[in-house]
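S.K.: Reading the sequence shown from the start, the letters are residues 294 to 612 in this note's numbering.
Keep in mind that the hints were calculated from the coordinates and are not lab data.
Just to be clear, a hint being listed does not mean it is correct.
Taking lysine to aspartate or glutamate and the EDC-like style, the derived pairs with C-alpha atoms no more than 20 Å apart in a straight line are [stated by the list, open to error]:
| hint | residue 1 | residue 2 |
| --- | --- | --- |
| 1 | K382 | E372 |
| 2 | K429 | E371 |
| 3 | K434 | D391 |
| 4 | K362 | D391 |
| 5 | K356 | D332 |
| 6 | K550 | E483 |
| 7 | K356 | E372 |
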Amino acid sequence: MPRPLWTGAISFGLVTIPVKVVSATQDHSIHFRQVHLKDLGRVRTRKVCELDGKALSQDEIGKGYELSKEETVPVTDEELDRIPLPTAKAIEIVAFVDADSIDPIRIGDSYFLATDGQVAAKPYTLLRRALERSDKVAVAKFAWHNRERLGLLRVREGAIVLHSMRWPDEIRSPESLAPREVELREDEIERAVQLTDTMALDSIAGFRDAYRDALEELLTAKSEGKELPGPAEGGEREEGKVVDLMAALSASVEAAKESRGEDGGGEATVHEMRPGKKTAPRKAAASGKTTGQKAGGRKTAAAKKTTGTKRTARKQSAS
Numbered sequence: 294m295p296r297p298l299w300t301g302a303i304s305f306g307l308v309t310i311p312v313k314v315v316s317a318t319q320d321h322s323i324h325f326r327q328v329h330l331k332d333l334g335r336v337r338t339r340k341v342c343e344l345d346g347k348a349l350s351q352d353e354i355g356k357g358y359e360l361s362k363e364e365t366v367p368v369t370d371e372e373l374d375r376i377p378l379p380t381a382k383a384i385e386i387v388a389f390v391d392a393d394s395i396d397p398i399r400i401g402d403s404y405f406l407a408t409d410g411q412v413a414a415k416p417y418t419l420l421r422r423a424l425e426r427s428d429k430v431a432v433a434k435f436a437w438h439n440r441e442r443l444g445l446l447r448v449r450e451g452a453i454v455l456h457s458m459r460w461p462d463e464i465r466s467p468e469s470l471a472p473r474e475v476e477l478r479e480d481e482i483e484r485a486v487q488l489t490d491t492m493a494l495d496s497i498a499g500f501r502d503a504y505r506d507a508l509e510e511l512l513t514a515k516s517e518g519k520e521l522p523g524p525a526e527g528g529e530r531e532e533g534k535v536v537d538l539m540a541a542l543s544a545s546v547e548a549a550k551e552s553r554g555e556d557g558g559g560e561a562t563v564h565e566m567r568p569g570k571k572t573a574p575r576k577a578a579a580s581g582k583t584t585g586q587k588a589g590g591r592k593t594a595a596a597k598k599t600t601g602t603k604r605t606a607r608k609q610s611a612s
C-alpha cells in the first residue's frame, strides 16, 4: 500500500470509521532535470531573498501574507494550528446527494480511503453498502494543510474514494466565453448525433498516452546511440478555412465507421454552403476525393447534376 497521506476518521452520524488516505492515482509522466549544457551538471533551484540576495535554508523561510506591496504580515505554523478546525482529524459527512447533481468541474484530486485497523472494517463496510444501495454519493467536509475543504465520497470496486471538491465560489462563470447564437439546421444536428453514435465506446480503458510512448522511444534511442525516430506521419490541419459543416460531418461519420471496420454503405450527401452577406465566395479545396464529391466541398459532375435537379424541383413547387 502507498504511504498514507493523512490519517483520521470518517464521521458518519454517530458512527466513526478510522481511515487512512492514500493517493488513488500515479504519475507516469516523464520528468526532466535542469542541467548545465556544457557538462550536464544538475542545476537546482536556489531560494534567494529578494532584499539582500542571500540564499536561504529551509529553516530560515516562513509564511507571510502580503497586504500591499509595502506591507507583509508574518504568520507562523503555530498560529495556524491554533485556528479551530472541527474537521481537523475527521471527514465529516454533511449530506447525501445524487451523483448526477455534482458538476464534474468541481471535482479535483482523488484518494482511496483504507481502513485503519480491524475495528474499522464493519462501519467501513456499512457505509460502503449504504452508498451502493442508495445510489448516492456523500458530501463531506475535511481539513488538509490548515484549510477546510469540501469532499465527495463514492464507491469504486469495493473501496471508498474521496474526491476533493472546489467550493462554489471557486468556479468561474463561463458566460463571457459562450459563442454568439447561431442557426443550425435540423439535419446538421442529426448528423452530429449520428457521429456521436458511431464513435460511442463502452469503455475508455484502452486509451494510452501516445506522447509518453514516443518520448520513451526517443530517450531509449538516445541512450543506446541509435538513430532517432522520425516525425509522425500525417499532415497538419489547415486552420482558418471555411468548411461545409454538413460535408465535414458526413466525412467524419464515414471515417469513424471505417476505423471500426464498418461498411460505409452509401454515398455521402453533398450540401451547398450558404455564405452570409459579407462572406467571400468559398474557394474549393484541392485535397483528396470521396464518392460523389471532393474534400473541401468541390462537387463532381454527378453532384452538380443532382443539385441542379433539386433547384428545378423547388422552383416548380414554388410556382
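S.K.: Holds or violated: K429 and E371, Cα atoms, limit 20 Å.
M.R.: Distance of about 39 Å is beyond 20 Å: violated.
S.K.: Is the Cα-Cα distance between K550 and E483 20 Å or less?
M.R.: Between K550 and E483 the Cα gap is close to 16 Å, so the pair holds against 20 Å.
S.K.: Has the given pair, K362 with D391, been kept, meaning a C-alpha gap of at most 20 Å?
M.R.: violated (46 Å)
S.K.: Holds or violated: are the alpha carbons of K382 and E372 at most 20 Å from each other?
M.R.: holds (18 Å)
S.K.: Tell me if the straight-line CA distance from K356 to D332 falls inside 20 Å.
M.R.: Violated. K356 to D332 sits at ~37 Å, over the 20 Å cutoff.
S.K.: Going straight from one Cα to the other, do K356 and E372 come out at no more than 20 Å?
M.R.: holds (11 Å)
S.K.: Does K434 pair with D391 here, judged by a C-alpha cut-off of 20 Å?
M.R.: Answer holds: K434 to D391 is near 17 Å, not above 20 Å.
Comparing the model with each numbered hint stated earlier shows that hints 2, 4, 5 do not hold.
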